[in-house]
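Could you put the whole structure together from the sequences, leaning on the hints where they help?
Respectively, the protein sequence lines represent chains L and W. Take any residue in the first sequence, note its place counting from 1, add 942, and you have its number in the working numbering. Take any residue in the second sequence, note its place counting from 1, add 1200, and you have its number in the working numbering.
Treat the hints loosely; a few may be bogus.
Residues from chain L that keep clear of chain W, each with C-beta distances beyond 10 Å, as calculated [claimed, not checked]:
{"id": "1", "residue": "Pro1279"}
{"id": "2", "residue": "Gly1493"}
{"id": "3", "residue": "Glu1830"}
{"id": "4", "residue": "Phe1960"}
{"id": "5", "residue": "Gln2003"}
Only pairs whose alpha carbons sit at most 25 Å apart, straight line, appear in this in silico DMTMM-like list of lysine to aspartate or glutamate [said to hold, decoys possible]:
{"id": "6", "chain 1": "L", "residue 1": "Lys1092", "chain 2": "L", "residue 2": "Asp971"}
{"id": "7", "chain 1": "L", "residue 1": "Lys1989", "chain 2": "W", "residue 2": "Glu1311"}
{"id": "8", "chain 1": "L", "residue 1": "Lys1854", "chain 2": "W", "residue 2": "Glu1311"}
{"id": "9", "chain 1": "W", "residue 1": "Lys1396", "chain 2": "W", "residue 2": "Glu1457"}
{"id": "10", "chain 1": "W", "residue 1": "Lys1412", "chain 2": "L", "residue 2": "Asp1892"}
{"id": "11", "chain 1": "L", "residue 1": "Lys1854", "chain 2": "W", "residue 2": "Asp1501"}
What the hints contain is simulated information worked out from the structure, not anything from laboratory work. Glycine residues also receive a C-beta, built at the ideal position from the N, C-alpha and C atoms.
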Amino acid sequence: MPVVNPEKLAKLQQNADDVRNICILAHVDHGKTSLTDALLATNGIISPKLAGKIRYLDSRPDEQLRGITMESSAISLYFSMLRRSAPEAAPEQKEYLINLIDSPGHIDFSSEVSTASRLCDGAVVLVDAVEGVCSQTVTVLRQAWTEKLKPLLVINKIDRLVTELKMTPGEAYIHLSKLLEQVNAVLGSFFQGERMEEDLNWRERMEERVAAAAAKETKLADQQSDAGDLQFEERDDEELYFAPEKNNVIFGSAIDGWAFTVRQFAGLYEKKLGIKRSILEKVLWGSFYLDPKTRKVLGPKHLKGRTLKPLFVQLVLDQIWAVYNATAGGDCSKGDPVMLEKITKSLNLTIPPHVMRSRDPRLLLTTVFASWLPLSVALLVSVVESLPSPRAAQAERLPDILKEVPGAESVDPKIKEAMVSFKTGPSDPMVAYVSKMVSVPESELPEKRRRGPMSGEEAREMARQKRAEAARTQAAAGDGVNGLESAFANASLDTPVPAEDEKEAEQEHLIGFARILSGTISVGDEIYVIPPKFTPADPFAAPAPEKVTVGALYMLMGRNLESLESVPAGVVFGIRGLEGSGILKSGTLCSQVEGAVNLAGIANLGGRPIVRVALEPVNPADLDKMIKGLHLLVRSDPCAEYEQFASGEHVLLTAGELHLERCLTDLRERFARCEIQAGAPIVPYRETTIKAEEMRPPANKDLGRGVVAGVTSSKQVTIRLRVKPLPSNVTNFLIENSHGIRALYSEKKGVSEANSSSADAPSSPQDEKPEVDDELSKATQTLCADDLRTQLASHFDTCKDREGWKGIVDHIAAFGPRRTGPNLLVDATKDGLFSRAFAPSDADAARNSDTDSSAAHLCDKIVYAFQLATHRGPLCHEPVQGLAVFIEDVTIASDHAASSDDTGRLTGEVIKTVQTSIHKAFLDWSPRLLLAMYSCEIQASTDVLGRVYDVLTRRRGRVQSESMKEGTPFFTVQALLPVAESFGFADDMRKRTSGAAQPQLIFAGFEVLDEDPFWTPFTEDDLEDLGELADRENVAKRYMDGVRRRKGLLVEGRNVATDAQKQKTLKR
Amino acid sequence: MVIQQPSGQIKLTNVSLVRLKKGKKRFEIACYKNKVLEWRQGIETDLDNVLQIPSVFLNVSKGQTAPAAELAKAFGAGVKTDAIILEILRKGELQVGEKERSAQLERVHAEVVSIVAAKLVDPRTKRVYTSGMIEKALEMLSSQAHEAVNDKTNRPEAADEEATAAAAALPQKPKHHWTGVVATKSAKSQALEAMKALIAAQPIPVARARMKLRITCPTGVLKQGVKAPKKEAGAAADDGEHKAPGTVKDKIMSFIEQVEKQDVEGSEWEVVGFVEPGAFKGLSDFVGSETKGQGRVEVLDMAVTHED
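In structure tokens form, the structure reads like this:
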């Protein structure tokens, strides 16, 4: 095949009707990339001999190594065929451009599949003839269904039926028809689901109408006719199934390079059998038989007990089996030369003598098939014939998509029109959709390479130069031998780990993977990048669309890029120059801002990433590199996300373990270029204390529960405080309104400023309020101080123990930890030493200056100690919530008058005393640990539901609800899962259910684990049941000890040697 | 002489001794390994799980039990053996078991790392590092320190050649070394050392997290010149430059690295700002002495780190 040069392809792009944008979808290992290889061979990109082995589009080293695709990649192919415009007209040569996107099949990379399918008009779905419908096949079929892509089914690997399973053609036929039924059943279930939904909607609408009609029945006489057109429209599902007679099923074997459609065979047999082609096409698949005497096609009824082979077996499969037997079959799989000759003669094939003589039967096999049933012809003809051109596809798909776009009603009708009717004129608005960003090293950009087509000779020459150059630089670097070696390793395909030095200098460029929907885009054009949250109703809301200049346009040719000057509508292309535009993963490009359409907003990328790991550079000095690399990675990967926590952790979220591995290799080798290790992220906890049914007697009987009188070590200051658990509704209220509390502080500050500056202080808080509100996030409504106070008071009123909390709001001195948290410091001293949170600040100032007693001086220390104590609780130094600390008394021994020298020393003592007292009083109640929880949504079919429950319970998850999705065999399970148990959850779930259940995890806040971590049996019953050491494991203690061990706190219990006598005896 | 027969022998293996010197005699008891510390911490409550044999020895390895007379002489008459054993267990010197030691070291190490991690931030972003990062950085430091020691001992002649260069380089070398945790010092003091070493060596960019302070002071005092400080006489050379500003206010402001807000309310001057934790004591002392107790330094936040 001749090499097709890019100029020709670029020319073909202009004619949109002859362009097909297709993606290849399938379960992992069903042969997508091998199939693509066979197509590439037709364009002379790779040698036909290597097709199916080289996996050209798997350009990453790890892709080659593992033999699976990880990133979708695109390539443009040229295809020409003779085509009759009308049945009688003379066939004429037509040229087509096929933009093909190869997508990964592994479940971790489903996001790549979504992005790929967004760009295309049609999908080629592969199914392994042996394995049949697998989990990902269903997923990709659904993807094609939701994206409204026209599918084409390829039943691949038929050779395995012959060579591995040794089926007879008859068996194979039955197998294939079963397989086809499976696929159709999947499609049917989608259809049914949609139909049920429509039915439901329709019913609702009917009811609405009936209700409305009933209201104005008297007025409206023509109600009958109204109801008449409300008949439910039954939709025909015949259209969407795969059927060989409709030419949307291809049988083939990518590895052996052959494929056929029924139509092809119909053409072959038209003359031989003397049956019309159109009829033959209909009967070649299915229970139709050829009467050997009359040479007529019979239905199953007319069989009359005869055992005839179905037409498909007789005419198609038998022939293929014969070829396999003749070439690779027979004794010791050497083939049967006599039969081969017969076949070649009858098929009118010529086989070059060197192939005939060859000892490799596979070569013979592929040669015969390549000339008889070439794969590319069957596939590409079907693609051209039965998949729509961009013009047709957009007219069909876009109206639906445009309806779902955010702010659909304010989209400029001109743009809508241009997109639907596919206008390509220069004055028409340009709309393009960027589905993902790819990072490309600078050296691979076409500007950096030489232009024009490259012949094989030139390519070799260039490779040689490159190799020599690499060797030179490395020799110069010092270790000549190693350098040479790695340079050679570099050049060979199987060990593609590039040399370090070369990479060091290379810069990565981000290239957008895009599809233009209308208009024309050229290099140098100024376009607007529409951010994902954009809505045309409010076009200039932040972040506003940014204007960028198109840096370069590329034709995507697998791992190569070819420069283009301009791109008309309907083409898949690469675009450079979006780096600074803030486009993160997907986005829309538009030539205008007003009424622009936001296509990225509706992209439902196949599920959010759920596997989280904390990353750390092996060498701590590489941290900056790693952070930079992470930012790059996030931009170039549609499904990876990156978060930085207040704890300093860098957490990477990925779709699965395999995806994670790929992200890590990317980071190590391309983006960060340093060693990185991944580990489980730190799990946050909260501590609280409650009033339990059974508690040990209070530590100090005279004072009561939760009261501690702390004395500083110098015996100068005595502080009595009482700790009480807050009612849960109050705690929740405080957690929800932390913004309000923060605002309270800033407002107080504002008031004091206003006080000092001007006299008209009373009005200023109201003026200032909106400002504060704007600064804080709008999502959580902030309450102003008065509202906060009254609401807090009402919450105290509604709780059980109303008396205990009466009038407390006015005595609140502080919130904690960090002055905003859900714990209260309450001033219960007789003379009110503390400044109040809800009191006007001038009163504070007055009191502060009046009471000059040294007890008041200690107040800020006590408040600070309270902040510290609530920031790090007594259980495992995690933040505390739901605690009220009453300072009841602060006395200073009179004989030591606190001189100014002492204050420094006293500060430390008071802080320490108060902190330990609070902790001691905290433990006097029944302490509890709060676990961070994920709310987990799992979709699973009935057959794996048991296993889903299995995994959930083993990880201490709790199922909350379970509901059946109407019209589908799927259940939706809602569960709560502790974050502490979630590491590896997704992987576990997938393994257990063989990928049939997909969990989604969302952080859902903290939940009390109702178990005292310090609990040991102490009542008589418990002691009898459980023994002194409590046979049952204390889960709360396990969590607590885990954190304590991490933080280096004292872990109680026998951690060194449990049994003294069972220690290992070391011989002397 | 009692005939030693195999059935009558008691052999002790895995012995860990606890010794107590009392009344000029040394008494020993035979315990199991790794259990005595647990007993002392109150974790282990079963004496049989600690003690191998309930008798007091003069020498365990020789099997010499302490005669009753000796015990009575040392511990007083009428004291039961059990009470003596308990006293020895409580007060005696003991061999810390291998596992016990490693567990303790591990704990101290984790504590030091978590303290350091909470107090150090990246100076550019004000974010804390994870304990893992801190741990690695400390490891780098300690391995460097060990290497340096090895270099010196291994290559004396090389050291001679470089002696002059080393001598020149020595003063610039950070004074603070980090060679790993020890069990003898408290975690807090070791954490301080580790922090100093980290800041001096900067294997990763680190700085102490700043304290947030509120300082109030009567305006009258502010304008006064700093009294000739007797205490600071020793550090006069350094303070010479600083003395140029002169007023109390300037002196206070020189402590504060970054001022968040500053205003005057009536006769009170108030400033909220960030201060290097090391300077806190100096500042607090200064304010206390200069204003005679009228000014106050209030800690708003011990370690300010970036938060989302």
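Each hint tested on the structure:
| no. | hint | result |
| --- | --- | --- |
| 1 | Pro1279 | 68 Å, holds |
| 2 | Gly1493 | 31 Å, holds |
| 3 | Glu1830 | 23 Å, holds |
| 4 | Phe1960 | 14 Å, holds |
| 5 | Gln2003 | 7 Å, violated |
| 6 | L:Lys1092 / L:Asp971 | 22 Å, holds |
| 7 | L:Lys1989 / W:Glu1311 | 6 Å, holds |
| 8 | L:Lys1854 / W:Glu1311 | 18 Å, holds |
| 9 | W:Lys1396 / W:Glu1457 | 19 Å, holds |
| 10 | W:Lys1412 / L:Asp1892 | 51 Å, violated |
| 11 | L:Lys1854 / W:Asp1501 | 15 Å, holds |
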